[in-house]
Amino acid sequence: MSTVTITREANKALVQPEGDVVAASVSELRSAMREVISCGVRELTMDLACVQMIDSCGLGVVVAAHNSLVKVGGRLSVVHASKDILALFKAMRMHQHFSVTGD
Amino acid sequence: MTQRSSGVREMRETLPGTLAAAEEFILEFRRRWGSSLEAPHEFETELLLREALANAVKHGSQHLPARKVQCVLRLRDRRLIIAVRDEGTGFNWRAAVRREIGSLSPTGRGTRIYREYATRVRFNDRGNAVTLVKEF
Chain A
1 MSTVTITREA
11 NKALVQPEGD
21 VVAASVSELR
31 SAMREVISCG
41 VRELTMDLAC
51 VQMIDSCGLG
61 VVVAAHNSLV
71 KVGGRLSVVH
81 ASKDILALFK
91 AMRMHQHFSV
101 TGD
Chain B
1001 MTQRSSGVRE
1011 MRETLPGTLA
1021 AAEEFILEFR
1031 RRWGSSLEAP
1041 HEFETELLLR
1051 EALANAVKHG
1061 SQHLPARKVQ
1071 CVLRLRDRRL
1081 IIAVRDEGTG
1091 FNWRAAVRRE
1101 IGSLSPTGRG
1111 TRIYREYATR
1121 VRFNDRGNAV
1131 TLVKEF
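Protein sequences appear in the order of chains A and B. For the first sequence, our numbering begins at 1 and goes up steadily by one. For the second sequence, our numbering begins at 1001 and goes up steadily by one.
Treat the hints loosely; a few may be bogus.
[To be verified] For each label pair, taking beta carbons as the anchor points, the in silico distance ranges come out as:
1) B/VAL1072 with A/SER68: 37 to 43 Å
2) A/VAL72 with B/ARG1078: 47 to 53 Å
3) B/GLY1090 with A/GLY102: 34 to 40 Å
These aren't lab readings, by the way, just hints derived from the structure by calculation. Here the structure is a predicted model, which is why all the values come from computation and not from measurement. No residue lacks a Cβ here, since even glycine has one placed at the ideal position from N, Cα and C.
Isolated chain A (complex conformation):
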């Protein structure tokens, strides 16, 4: 199970999921990301400091957020990814499209 904390300032938002970002629990994060983008956020930072596992569903939510932001001229950054999660982003070549940095 995961929880999501959102801190918003003007058109910037920091999204901090806590727990696993996986198929069984990703719906809350998906809704949160959609909501902040639809409310005008254009610079979205996803902080993965408290995430130890992400699967293909979780990656799908991150990619969907990136795609939505690009359509409106915005930008996604992923920060504080663990070594394993950073390697997964790179293996899926997602780091070529938006910034992904480790912890």
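Take the given structure of chain A and dock chain B to it, following the hints.
The following block gives chain B in isolation, referenced to the frame of chain A:
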């Protein structure tokens, strides 16, 4: 259920076809076996298990609890086997493994994760069972 005999560890379970049941099994795997696998194998093995179970639940079982998912994990020496079978009609795995999905596609990464993280991947002909071998 976990069995242990002559250096072989095994978890074997028949699950309802739901993500909640799959998650419960995965957390049990993490609790029992996770710490015995060295980094990065713990993450990679759990990821493979997650992808196999999620595919079985979503595509094979259509999230229906009445459709069962069989899962067997077997660890011997430095070789782990993950075998997952569902009751669905199967999928065209030959096309799926050849398909190169774009890195900005929101879906379709499951089989790509198999290729990246498993030492060997084998499907049955019908496409409703996958065996993933991870050698450490």
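Hint-by-hint comparison with the structure:
no., hint, result
1, B/VAL1072 with A/SER68: 37 to 43 Å, "40 Å, holds"
2, A/VAL72 with B/ARG1078: 47 to 53 Å, "49 Å, holds"
3, B/GLY1090 with A/GLY102: 34 to 40 Å, "39 Å, holds"
Hint violations for this structure: none, all hints satisfied.
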